[in-house]
Amino acid sequence: MSKDQLRPSDVLEKIERVRQARRRKFYLREEYITLSHGSGGKATHNLIEGVFAEAFANPLLDRMDDAAVFAIEAGRMALTTDGYVVSPLFFPGGDIGKLAVHGTINDLAVAGAQPCYLSAGFLLEEGLPIVTLRRVVESMAAAAAAAGVTIIAGDTKVVERGKVDQIYLTTTGVGRLLADWPLGQSHAQPGDIVLLSGPIGDHGIAVMLAREALDIECDVQSDTAPLHGLIAALLEAAGTGVHCLKDPTRGGVATSLNEIALSSEVSIALDESAIPVRQDVRGACEILGLDPLTIANEGRLLAIVARESVENALAAMRAHPLGREAAVIGEVRGTPAGMVFLRTDIGGTRVLDMLVGDPLPRIC
Amino acid sequence: MCLGIPGRIIEFVDETHQIAKAEVSGVRRNINVALVLPEGLEPGDWVLIHVGFAMSKIDEQEAQETLRLLRAMGETYTDELDMLLKSEIE
Amino acid sequence: MRFVDEYRDPQMAQTLAVEIARLTEGRPLKLMEVCGGHTHTIYKHGIEDLLPRTIDLVHGPGCPVCVLPMGRVDDAIAIARSEGVIFTTFGDMMRVPGSRGSLLDAKAQGADVRFIYSPLDALKIARQNPDREVVFFAIGFETTAPSTAVTLLRAQAEGIKNFSVFCNHVTIIPAIKAILDSPDLRLDGFIGPGHVSMVIGMRPYTFIARDHRKPVVIAGFELLDIIQAVLMIVRQVIEGRAEVENQYSRVVRPEGNRKALEAMARTMELRPFFEWRGLGFITHSALKLRPEFAAWDAELRFSVPGIRVADPKACQCGEVLKGVIKPWECKVFGTACTPETPIGTCMVSPEGACAAYYNYGRYSMAAERANLPAIGLQTPADRTAS
Numbered sequence: 000m001s002k003d004q005l006r007p008s009d010v011l012e013k014i015e016r017v018r019q020a021r022r023r024k025f026y027l028r029e030e031y032i033t034l035s036h037g038s039g040g041k042a043t044h045n046l047i048e049g050v051f052a053e054a055f056a057n058p059l060l061d062r063m064d065d066a067a068v069f070a071i072e073a074g075r076m077a078l079t080t081d082g083y084v085v086s087p088l089f090f091p092g093g094d095i096g097k098l099a100v101h102g103t104i105n106d107l108a109v110a111g112a113q114p115c116y117l118s119a120g121f122l123l124e125e126g127l128p129i130v131t132l133r134r135v136v137e138s139m140a141a142a143a144a145a146a147g148v149t150i151i152a153g154d155t156k157v158v159e160r161g162k163v164d165q166i167y168l169t170t171t172g173v174g175r176l177l178a179d180w181p182l183g184q185s186h187a188q189p190g191d192i193v194l195l196s197g198p199i200g201d202h203g204i205a206v207m208l209a210r211e212a213l214d215i216e217c218d219v220q221s222d223t224a225p226l227h228g229l230i231a232a233l234l235e236a237a238g239t240g241v242h243c244l245k246d247p248t249r250g251g252v253a254t255s256l257n258e259i260a261l262s263s264e265v266s267i268a269l270d271e272s273a274i275p276v277r278q279d280v281r282g283a284c285e286i287l288g289l290d291p292l293t294i295a296n297e298g299r300l301l302a303i304v305a306r307e308s309v310e311n312a313l314a315a316m317r318a319h320p321l322g323r324e325a326a327v328i329g330e331v332r333g334t335p336a337g338m339v340f341l342r343t344d345i346g347g348t349r350v351l352d353m354l355v356g357d358p359l360p361r362i363c
Numbered sequence: 000m001c002l003g004i005p006g007r008i009i010e011f012v013d014e015t016h017q018i019a020k021a022e023v024s025g026v027r028r029n030i031n032v033a034l035v036l037p038e039g040l041e042p043g044d045w046v047l048i049h050v051g052f053a054m055s056k057i058d059e060q061e062a063q064e065t066l067r068l069l070r071a072m073g074e075t076y077t078d079e080l081d082m083l084l085k086s087e088i089e
Numbered sequence: 000m001r002f003v004d005e006y007r008d009p010q011m012a013q014t015l016a017v018e019i020a021r022l023t024e025g026r027p028l029k030l031m032e033v034c035g036g037h038t039h040t041i042y043k044h045g046i047e048d049l050l051p052r053t054i055d056l057v058h059g060p061g062c063p064v065c066v067l068p069m070g071r072v073d074d075a076i077a078i079a080r081s082e083g084v085i086f087t088t089f090g091d092m093m094r095v096p097g098s099r100g101s102l103l104d105a106k107a108q109g110a111d112v113r114f115i116y117s118p119l120d121a122l123k124i125a126r127q128n129p130d131r132e133v134v135f136f137a138i139g140f141e142t143t144a145p146s147t148a149v150t151l152l153r154a155q156a157e158g159i160k161n162f163s164v165f166c167n168h169v170t171i172i173p174a175i176k177a178i179l180d181s182p183d184l185r186l187d188g189f190i191g192p193g194h195v196s197m198v199i200g201m202r203p204y205t206f207i208a209r210d211h212r213k214p215v216v217i218a219g220f221e222l223l224d225i226i227q228a229v230l231m232i233v234r235q236v237i238e239g240r241a242e243v244e245n246q247y248s249r250v251v252r253p254e255g256n257r258k259a260l261e262a263m264a265r266t267m268e269l270r271p272f273f274e275w276r277g278l279g280f281i282t283h284s285a286l287k288l289r290p291e292f293a294a295w296d297a298e299l300r301f302s303v304p305g306i307r308v309a310d311p312k313a314c315q316c317g318e319v320l321k322g323v324i325k326p327w328e329c330k331v332f333g334t335a336c337t338p339e340t341p342i343g344t345c346m347v348s349p350e351g352a353c354a355a356y357y358n359y360g361r362y363s364m365a366a367e368r369a370n371l372p373a374i375g376l377q378t379p380a381d382r383t384a385s
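Which chain is which? The protein sequence lines are A, B and C, in order. For the first sequence, the residue numbers in numbering that gives the first Met the number 0 are 0 to 363. For the second sequence, the residue numbers in numbering that gives the first Met the number 0 are 0 to 89. For the third sequence, the residue numbers in numbering that gives the first Met the number 0 are 0 to 385.
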């Protein structure tokens, strides 16, 4: 059959075939994010299909409706949202995507909730390499999958170059409450014991050394991790004996404990020598004149538990991979309310205040 | 007033610019050693580091001596205490 | 950590403290630790809780961040705001307030202010940004000045023209002199600054022992260093001696570091006088670049306001620095003046006497007032096992 014998119906059929194929396949030809990726048109569609849909694929998201619809069990829910702006995007032990997933999971978990679903909002800078975006998205997907949570909704916006720094991320999470007793930073009681799940300062130091031109070489990795497994084990073992949970992120252990002391109107006494700090984190802190107690963590847990529950709580934490180095670091007291203090190595005391501003390296 | 921290010299990195790699508690950084070179410097030596410069070579003998002195001070006191206690018993 | 952990033995510290208590019974002594680093160690470990009440530690002027007058901070900000400038500074200086905000504020308003760990990092930034002017905000005592000097010599040798230094280096001896000459002060001895001394050696302190008959013991920065130094001073007082002794012999040589002094002398010279926050003008107490280094002198290359700004009236930092009053005796301490909103110099840097006291020392006072028991943790036996 020669070309001139081709019938119109054949041509129409061919066009239709190609259109069908194209509808199923997406052509994300660009190497960089442009403003048109945020226009809501074809380019946006291609970006969503080519980057997000595949990585996050799950039945609730795949419908691509304006809102994800899901059923919940009867009971109480927890909801949290958080923005992520980290420089650099990738640092030893993690990246902004992983951090955004873990951060929101941890906010739910410390409220005593089992995280169920997440949503993710992306603010992208014009000119961002799509491979960079892909790396972040894949890391988020992997972190969510490993933690057993699903990303069921999302949004993308693109802004002009210089209006944001590469990628800003917002994640929202919902979870089902496991703890049906009062749990939170205002529930620490005199006599309670303070537990810490592991060595402090790893995340903050890893990011600072990756960001600043301080030329310090070390193998410190971010501690970013989802804490809900550890917390579920702790709640299971110590039940209502768990009074308060907190992940000491920005401002570190010092700031978190001060918040608890203020909210609960108690004082907290810590034993400095009991607080675990890795050798290289300590080294970096000594060089830069920083206090590990004020450095951020992304996978550590502070738990305030009733004295009689300590043994169960500690055993449960130590049995979990994220709590192997868990330790008792102090106790809650009545007065002076709102203050945290440390018992130093020689039995002296000093007040431990919240961090003022960012931790800055000092020479004196 | 001036943060200084002991570090161990691992290797010389740039002889012309007198740069060596030092290690502090598992953390490494290139530091300028120009100011301690006249004292003679070898890998394995300990230096006092301030703002990226080795400012003084740490004298191991003197360090031992200080510790010895400290212990002696402690012992003298313990001995005195022992004597005191003994004299009370008698 | 070697050369650190050995000097943090709590039991040894207890033993020495008991000895100090025994020797000073009925004989209270007022000692000044000149150096802010010592102040930091004292509060970090709670050394004042360990020492007997007979030992009164006065926190001296040895914090270079704290003593820099507001006018100089304003000048720094003016340079940082100049067209095309990358302004590099140690993190310490970022939050120090001038008369209208700090470098951190200037950064928020668009100035390119970056914190660095070493002056050599500033030179590196200059190499990487040949089309920008890179200025290094040089602060610190004799410990830090040699590193600035070596950096200047490198800049000269490599012919790096887009690098300059805003020199604010100060010298410790004139400040100690000013304190000793203050009529309202009674001190029994000095804990000498260990890291300044590794550069300048022991000789510059001789006049304190000879002319003022006060013991000086140069000390290291660990727990036992300080307690041993206190004991050494106590012994001098009891034996009627006034000498310059060196507790920190593992780091400080009697003659100091000649090479470092030489580098300083090649690049810097004494200013006729310099203003210190809280202490006023002190003659020959600071360094500026020598005329040969005019090409690298930010003070000459940029127009700075150079306006003297008076210390805030309410602030009694001068008296605190001289040890006339304790930090908490100041009218604004902990009320108008806190680490978040510092009014005076001593609240600015974490090692300033007031900030150190605010951060670390408040509890002992609160405890004393409320008659609270000392802290003693009752935690499961498990902890000691782990």
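Note that these hints are calculated values from the structure, not bench results. These numbers come from a predicted model, not from an experiment. By construction, the Cβ of each residue, glycine as well, lies at the ideal position given by its N, Cα and C atoms. Any given hint could be a false lead.
As the list claims (entries may be wrong) - In the DSS-like style, the derived pairs of lysine-lysine whose C-alpha atoms are separated by at most 25 Å in a straight line are: (1) C:K29 x C:K123; (2) C:K123 x C:K325; (3) A:K13 x A:K162; (4) C:K106 x B:K20; (5) C:K330 x C:K123; (6) C:K106 x C:K176; (7) C:K330 x C:K312; (8) A:K162 x C:K106; (9) C:K123 x B:K20.
Unchecked claim - Covered by chain C, according to a simulated footprint, are these stretches of chain A (three or more residues, beta-carbon under 8 Å): (10) 141-150; (11) 169-175; (12) 206-213; (13) 355-362.
To be verified - Part of the chain B face toward chain C, derived, beta carbon under 10 Å: (14) I4; (15) I9; (16) V12; (17) H16; (18) K20; (19) N31; (20) V50; (21) M54; (22) Q63; (23) L68; (24) L69; (25) G73; (26) E74.
Checklist entry - Hint check: is the beta carbon of I4 of chain B less than 10 Å from a beta carbon of chain C? => result This interface hint holds because 8 Å falls under the 10 Å limit.
Checklist entry - Going by Cβ atoms only, is L69 of chain B closer than 10 Å to chain C? => result Holds, because the Cβ-Cβ distance from L69 of chain B to chain C comes to roughly 6 Å (cut-off 10 Å).
Checklist entry - Holds or violated: K330 of chain C with K312 of chain C, Cα cutoff 25 Å? => result Distance ~11 Å between K330 of chain C and K312 of chain C Cα, so the pair holds.
Checklist entry - When the nearest CB of chain C is found for I9 of chain B, is that gap smaller than 10 Å? => result 14 Å, violated
Checklist entry - Taking the closest Cβ pair, is Q63 of chain B under 10 Å from chain C? => result Hint holds; Q63 of chain B Cβ to chain C Cβ min 9 Å, cut 10 Å.
Item to check | Holds or violated: K106 of chain C to K176 of chain C, with C-alpha atoms at most 25 Å apart | outcome: Roughly 37 Å separates the two Cα atoms, so the pair is violated.
Item to check | Status of the hint placing V12 of chain B at chain C (closest C-beta pair under 10 Å) | outcome: 13 Å, violated
Item to check | Coverage criterion applied to the region 141-150 of chain A (partner chain C; beta-carbon cut 8 Å; 3 residues) | outcome: violated (count 0)
Next on the checklist: Tell me if the straight-line CA distance from K29 of chain C to K123 of chain C falls inside 25 Å.
Outcome noted: With Cα atoms ~46 Å apart, K29 of chain C and K123 of chain C exceed 25 Å; violated.
Next on the checklist: Next item in the hint list is K20 of chain B. Is there a CB on chain C closer than 10 Å to its CB?
Outcome noted: 14 Å, violated
Checklist entry - Within a Cα-Cα threshold of 25 Å, do K106 of chain C and K20 of chain B meet the stated pairing? => result 33 Å, violated
Checklist entry - Is the hinted pair K13 of chain A and K162 of chain A satisfied, with a Cα-Cα distance of at most 25 Å? => result 45 Å, violated
In summary, the structure is inconsistent with hints 1, 2, 3, 4, 5, 6, 10, 11, 15, 16 and 18 from the numbered list given earlier, while agreeing with the others.
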